[in-house]
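Participant: Protein chains in written order, with numbering that gives the first Met the number 0: chain A, 0 to 300; chain B, 0 to 362.
The set of hints was computed from the structure by calculation and includes no laboratory data. Just so you know, even glycine gets a beta-carbon here, dropped at the ideal spot from N, CA and C. Treat each hint with caution, since some may be false.
Claimed, not checked - To be clear about the criterion: a stretch of chain B counts as covered by chain A if any three or more of its residues have a C-beta under 8 Å from a C-beta of chain A, and this derived list gives those stretches: (1) 145-151; (2) 162-168; (3) 325-334.
To be verified - Heads up, incomplete: computed chain B residues facing chain A, CB under 7 Å, no partners named: (4) L83; (5) A155; (6) I158; (7) A159; (8) S176; (9) V177; (10) L274; (11) F276; (12) I337; (13) P344.
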Amino acid sequence: MLQILFDALSLGSLYALGALGIALIFGVMRLVNFAHGDVIAFCVFALLWPSTDAMAIVFAGQLPWYLLVPFVLLCGAGLSVLCEIVVFRRFRKANPATMMIASFALGFVIRYFLLMLFSSRPKSISLLPELSQPVEILGARLPLLQLITIVATMVILIGLTLFLRQTRFGLEMRAAAENFSMARMLGVRANRVIMGAFALSGALAAAIALIFGIQTGTLDIQMGASIMLMAFIATVIGGLGSLGGAVLAGFLLGAASVIMQVMLPIDARPFRDAFVYGAVILVLLFRPQGLIAARGTKERV
Amino acid sequence: MGVAASLANSTAPGAAVAERKPARFALARRTILTPILLSLLLLAIALITVMTGSRPFNQTVIDVFVRVILVVGLYIFIGNSGVLSFGHIGFTCLGAYAAAWLTINPMMKRGSLPGLPEWLLETRLPYWQSAVLAALFAALAALIFGRVLMRLSGIAASIATFAMLAMINTIYSNWESVTGATSSVVGIPIVRVIWPYLIGAVAAIFIAWAHAISRSGLALRAARDEPTAAAASGIDIPRERLVAFVVSGAVMGLGGALMAHSIGVVTPDTFYLGLTFITLSMLVVGGMGSLSGGVVGVVLLSALIQALRWLEAGVSLGGSTFALPKGVQEIALGVIMIVILALRPSGLMGNRELTLPRSSRNK
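Looking at chain A on its own, in the form it has when it is part of the complex:
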């Protein structure tokens, strides 16, 4: 029972972090960033030296953890800001569909750039192997990593909340998310806020990359995409632009996946995802604006 709870929480953490990264950017730019999953993949591969051999040549992955974590976070933030400066800045005024396709095209570019450097074969590395040791808590054997995932997510969420509530930059960002043109008129620098949002979202992508890389031990170019899709769905059913909603929905999706895996009859288990997506449609039907509707995104008449 406890095992299920922790499974749900740690899966939910990944989704929640991903959803947060998408919601942050959506909040300030109304951009649904399909390149997010590829930023995750990029961060994972930043651990390796470029080579197309089957054997992974670990490069940054050998650093001690207190250097490794900031390095990967910086990679994610840097790439994300770069995307903003090179690409998304030109799409500020474009309609959402155009921006979405542009972000998809950008993700495509990043993915094939990685493919060129690393080939499409999945690579296995053991990153911080001591974290995979199981620990015993209240009679349940859990991998230490699962605990760390949950704790790290909590720390990130609390830190982000404090950042958004207590600092001037956070205030500007929240103002921009609520009403961008009004915030600009009141002296919020658009470029700075948008770049800040991209940097934060990139760092979140890097956090996911680290956790996922350690958890699975294999690096695959496709890995970003699956999390990204779930995160994307979580962002929408949480209420687009609402950060709290995104996190809540991320955890709910994680819980729904894990619970259905356990509760469904054996025959129906392969179809689990179909049930999860069915539930998503149901939620959207009853709350099309999301679980927690963000202010400022309501349709005005």
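Use these hints to put chain B onto chain A, whose structure you have.
Facilitator: Coordinates of chain B only, in the frame set by chain A:
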């Protein structure tokens, strides 16, 4: 109808002014040039292909025509309703598998797909009948899903359609006895002649045109541009969206069936995110507000992909061979798409249709 029609004026001038009833088929006569020109474009491509007589080129052009069908199918819903759908490739999947069920040799079917009902196991139809049935099957699925989904709008609708695609994909990847799960279903008769695909593409274009100038299509475009005013003048938006959803579902199903016949093998993952995004990109790059945009987007992007592939394979220029490194093709494609969208955010065609210069005044 009065306000709605005047709202639709941007695309169909003077369609129905309350006092003066226009001549019958006036709108049809004014706009028919667009589908004719687009069909002539495709016919020209087909003729060139037949004249060169090269097998690989033939296959490439068949792929282009299949994509034209798919993108036109997307346009019918997305272009007219303004709602981005990620789920339409699900209907393509349904259509392709329906075509597989109907055309594979019964002996083989009994071995590989034993879970099919008896009457379906016995059936073996020619490919064109199966394509029509596949389109109807996809339309039926669109009707069922659409009843539920069309109540949503905006990004929630996009996500819900994506959830529908993921549901279809999950079911088709796991229902071993009926769809062969993730292993490919082989033995679909392959049609290598170009004409059926040309006919399919032209049919799709004319269906899209007929829907766009129909009462329902006009109402839907009015609702896309001014939802509040359209609803206030009596347009039942979910209903008009449902009509477009079903029509586009049928076209997507037709495209799926023809796609199955062009490659002879179907797997669920052929009809998932990759195809969704490439077709959506073609529509948006071409210009999602116009039928011509969709067709032009497919032709141009396909030509671009093909050109990059040739460059990757190596071109001999004045004695020395040039070849791009592997992977540059996709990267270049992505970069070119971003550049096009940055320069023309509403796509290559904007929201205009292809017509002769003289009649462009009417647009």
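Participant: State for each hint whether it applies.
Facilitator: For each hint, the structure was consulted:
1. 145-151: holds (count 4)
2. 162-168: Answer holds; 4 residues pass the 8 Å Cβ test.
3. 325-334: As far as the segment 325-334 of chain B goes, the hint holds, because 8 residues have Cβ atoms under 8 Å from chain A.
4. L83: Nearest chain A Cβ about 5 Å off; hint holds.
5. A155: holds, 4 Å
6. I158: holds, 4 Å
7. A159: Because about 5 Å separates B/A159 from the closest Cβ in chain A, which is inside the 7 Å limit, the hint holds.
8. S176: Cβ of B/S176 sits 12 Å from chain A, so the hint is violated.
9. V177: Since chain A brings no Cβ nearer than about 13 Å to B/V177, farther than 7 Å, the hint is violated.
10. L274: violated, 13 Å
11. F276: Given a least distance of 6 Å, the restraint on B/F276 holds.
12. I337: holds, 5 Å
13. P344: holds, 4 Å
The structure does not agree with the numbered hints 8, 9 and 10 stated previously, though it agrees with the rest.
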